[in-house]
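Trainee: Sequence:
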Amino acid sequence: MLENDNTIEVIGARVHNLKNIDISIPREKLVVITGLSGSGKSSLAFDTIYAEGQRRYIETFSAYARQFLGGLERPDVDKIDGLSPVIAIEQKTTSKSPRSTVGTITEIYDFLRLLFARASDAYSYNTGEKMVSYSDEQIKDLIIKDFSGKKINILAPIIRARKGHYAELFQQIAKQGFLKVRINGDVKDITAGMKLDRYKTHDIETVIDRIVVDTTDEVQKRISESINTAMHYGENVLMVLDQDSNEARFFSRNLMCPTTGISYQNPEPNLFSFNSPKGACPNCNGLGTINEINIKKIIPNPKLSIKAGGFEPLGEYKTTWIFKQLEIIGEKFGFKMTDAIETISEEAMEMILNGGKEKFSVTSKTAGVTKEYKIEFEGISHFIKSQHDDSGSSTLKRWAKEFMDEVDCPVCEGSRLKKESLYFKINEQNIADLSNLDISDLTAWFHDLENHLSDKQKRIATEVIKEIKDRLNFLMNVGLEYLAISRSSKSLSGGEAQRIRLATQIGSQLVGVLYILDEPSIGLHQRDNEKLIHSLEQLRDIGNSIIVVEHDKDMIERADYIIDIGPKAGKYGGEIISKGTPEEILKSNTITAKYLNGEMKIEVPKSRRKGNGKFLKLTGATGNNLKNVSIELPLGQLICVTGVSGSGKSTLINETLYPILNAFYFNGVKKPKPYKKIEGLEHIDKVIDIDQSPIGRTPRSNPATYTEVFTEIRNLFTMTSESMIRGYKAGRFSFNVKGGRCETCEGSGVRTIEMSFLPDVYVECETCQGKRFNRETLEIRFKGKSISDILNMTIDEAVPFFELIPKIYRKVKTLQDVGLGYIALGQQSTTLSGGEAQRIKLAGELAKKDTGNTFYILDEPTTGLHFEDIRVLMDVINKLVDKGNSILIIEHNMDVIKLADYIIDIGPEGGKGGGNLVAKGTPEEVAKNKKSYTAQFLKNELV
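Going by the working numbering, the residue at position 684 of the sequence shown is 1140; the numbering climbs one at a time, nothing skipped.
Everything labelled a hint here was simulated from the structure, so no lab data went into it. Bear in mind that the values here come from a model prediction, so they are computed numbers and not experimental data. Don't take every hint at face value.
[What the hints assert, rightly or not] No farther apart than 27 Å at their CA atoms in a straight line, the calculated lysine-lysine pairs in the DSSO-like style are these:
| # | residue 1 | residue 2 |
| --- | --- | --- |
| 1 | Lys815 | Lys792 |
| 2 | Lys1368 | Lys552 |
| 3 | Lys946 | Lys1127 |
| 4 | Lys753 | Lys841 |
| 5 | Lys485 | Lys475 |
| 6 | Lys914 | Lys946 |
| 7 | Lys734 | Lys788 |
| 8 | Lys1009 | Lys535 |
| 9 | Lys606 | Lys753 |
| 10 | Lys841 | Lys1127 |
| 11 | Lys853 | Lys586 |
| 12 | Lys1009 | Lys1050 |
| 13 | Lys1339 | Lys1269 |
| 14 | Lys1339 | Lys1376 |
| 15 | Lys606 | Lys596 |
| 16 | Lys815 | Lys827 |
| 17 | Lys1376 | Lys1066 |
| 18 | Lys1126 | Lys853 |
| 19 | Lys1384 | Lys1395 |
[What the hints assert, rightly or not] Cβ-Cβ distance ranges computed for the label pairs, FRET-style:
| # | residue 1 | residue 2 | range |
| --- | --- | --- | --- |
| 20 | Glu1397 | Lys1368 | 21 to 31 Å |
| 21 | Val675 | Asn907 | 45 to 55 Å |
| 22 | Ser518 | Lys853 | 33 to 43 Å |
| 23 | Asp904 | Asn692 | 31 to 41 Å |
| 24 | Tyr1218 | Ser518 | 54 to 64 Å |
Glycine included, C-beta positions come from ideal geometry on N, C-alpha and C.
All chains should be modelled from the sequences, with the hints used to inform the complete structure.
Mentor: Take a look at the structure:
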């Protein structure tokens, strides 16, 4: 029994492809699960151990709470003993909400808000002076001291710099018993029917009292009462007017500008929250960006006429009300529907885009008859804007968004907060300034802060500052010092999001928890790997168990215990082929062991390709942290862009180069980051970006539909003799249209059960048992297999099966070539990992007839890949380059970098310390560079 206390016992695990495995996992150790992609690592870690932990947690809820959560399925495992509470840190779990930022996820922003609410100084947005606030007693003492012996008026400010005639207001003031008001600096008696010029701006104060100041008790009492009354009517602000000099002074219980009298509410944490109406900028509602109509998207080609579809939202001419209105506008401004849009006058375009109401008459020259016309046109731009802002339909909103650009809010300039919130400062910085600093700079600012605080501020802020510093240090320790806490969480890569969650967990200092992580080293440069491993060891040392699904060599070598799952992927995997300490694993005869001990390795090529002598030149890129970077990309080569995390690789390639190329070849609308010029576009004929986004978001999409091989398979089924007799067409074999599919699950094979506030749960359809089609469709066979059997085939089974049908064979063969032989043709795309989705896209491109002149961009294609999978992938990529194509890969993996023909290294650091071109050239040339971090690790690989 004692042994069991220190292990997690998994007995008889059969989830997905696991072959009834038994395993003891040591507790309070750093355990790495490794093996080929698709061998069953995630099935063991997430779908068995984590799923069982979740299920047991939900079992502890009351029956009432469980009815809302629905029953979680038991994973297919005989039993699991020794399970602690489980926390999974996956890559997919970050919020896609535009309101979620690095600061809100890590709670740093919450502590910052508290710090600013309690320890900041307020400044006037009119004069920049420090704001003051007084108690009633202090105001009385100041009046007696500063105005002793003088005649003063005590006034309550009612209206400030606003237009209106204010007749009702004067009546109301008179009813309250006051006789005089001060209007725009002049004191006047209130008279019946008194009103002002409604189109001018006015300042109005009520005269509460007129008094000669001295120190007698009677006067002091009267001043106190007047202060109270003035505060009541002036909403905590009063004004004292010296009758002789006509000088005014403001006093307030709230924070107030001593010169202009504007006052702020006393600060609370929600005044600094962009998710609260009290703090959010009213123009963009705290999002920092607004959507603006882009005329170029409405009129992509001004040479076209209205009739030919020159206005993109309207399309080609139809006999609808809108086109009738445009014809009437044409009558007024003298253009025809067949005229090119660029020839239409500015006045007419103003009405077409922004609308107008008008009546006019036109006299026909031939018949001499006058016709009356009436225009009531909303305007195309106005219509799109109103659909985007007010429509309840998400489809219409999406349609409207196609004609808009997201731009920084002009009011808050992207800071998300209202004006007052930005004038509370600590050490001359407001909360938005601090949010935009890199975490490394923010940490330095906080270390220096105590020297700039008053004793009172120190007493208030000590605890809060300690919490903030701790959290910043955790982020520094996982290699994220280049991020700013204002960075939107939807723009983070999978690895970054995971490391932020890891930092948050280290901060929570829980003990006795089982953490399961999915490849936390993604997107991390070798230099920062050490920091990450150290963070995980820290978590282990305070008494937690850690299971990491990982392929990184450093991580595997530093583990306390390794579990290697294999021997191959898919149905050929799911067994434990070796387990033990790193030393024990090295002695085993597995693929992983051979790569670790150097028996197998990805060979450095004997010579580098010279390319075709042509170049693509990008000059003067300055987006985000790039410092005027200019690069030359040699075409016909394998190019690698490297550099530490946050150095500017993605900004340079994904946000500058790709949008430029996409706009040039395919009229893409994404705006590139700023650059000076690009040359050499004529040397390539198309650009293809293969990223890791899912190939589909529903269970309906799968590798067969994505690569379009399913279309060919359906056509093949229609040609069988039985199909021809029954008159079945290709649609009969589609699970997306009525006819041949099972109507209970509408062809998805699963039924979706909606869980109100949890992710949807999918259960197998009871009518077709997950086969997707009805009985009649399944009766049609090709070589003894029904359409459902073919969707359940793995790619490896499909290759020999379709050998004699070239159209299908070519597509399934490329899927096999990129190392995806283990996945099923009909596997739901929602179950594919990011690396698998990327390789399916790559296979889809490979299967097309290429021109030998294509520019491919891949962002970290090695994510989720074992050493052996990387070798297979690089063979495919090299074949593409050998045909004359150019491939650019953003990568941290040394096995890929050493195979490149040309390297561009950006850095040297992340964030502000990056954004420079550090090194370029062949791997051998780059390895000699003294400034490059990549070079230090590359040297060892080239030996």
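Trainee: Against this structure, judge whether each hint is valid.
Mentor: Here is what the structure says about each hint:
| no. | hint | in the structure |
| --- | --- | --- |
| 1 | Lys815 to Lys792 | holds, 19 Å |
| 2 | Lys1368 to Lys552 | holds, 26 Å |
| 3 | Lys946 to Lys1127 | holds, 18 Å |
| 4 | Lys753 to Lys841 | holds, 13 Å |
| 5 | Lys485 to Lys475 | holds, 25 Å |
| 6 | Lys914 to Lys946 | violated, 36 Å |
| 7 | Lys734 to Lys788 | violated, 49 Å |
| 8 | Lys1009 to Lys535 | violated, 32 Å |
| 9 | Lys606 to Lys753 | violated, 68 Å |
| 10 | Lys841 to Lys1127 | holds, 20 Å |
| 11 | Lys853 to Lys586 | violated, 45 Å |
| 12 | Lys1009 to Lys1050 | holds, 12 Å |
| 13 | Lys1339 to Lys1269 | holds, 18 Å |
| 14 | Lys1339 to Lys1376 | holds, 24 Å |
| 15 | Lys606 to Lys596 | holds, 14 Å |
| 16 | Lys815 to Lys827 | holds, 11 Å |
| 17 | Lys1376 to Lys1066 | holds, 15 Å |
| 18 | Lys1126 to Lys853 | holds, 18 Å |
| 19 | Lys1384 to Lys1395 | holds, 8 Å |
| 20 | Glu1397 to Lys1368: 21 to 31 Å | holds, 29 Å |
| 21 | Val675 to Asn907: 45 to 55 Å | holds, 47 Å |
| 22 | Ser518 to Lys853: 33 to 43 Å | holds, 39 Å |
| 23 | Asp904 to Asn692: 31 to 41 Å | holds, 36 Å |
| 24 | Tyr1218 to Ser518: 54 to 64 Å | violated, 26 Å |
Going down the numbered hints, you'll see the structure goes against 6, 7, 8, 9, 11 and 24, while the others check out.
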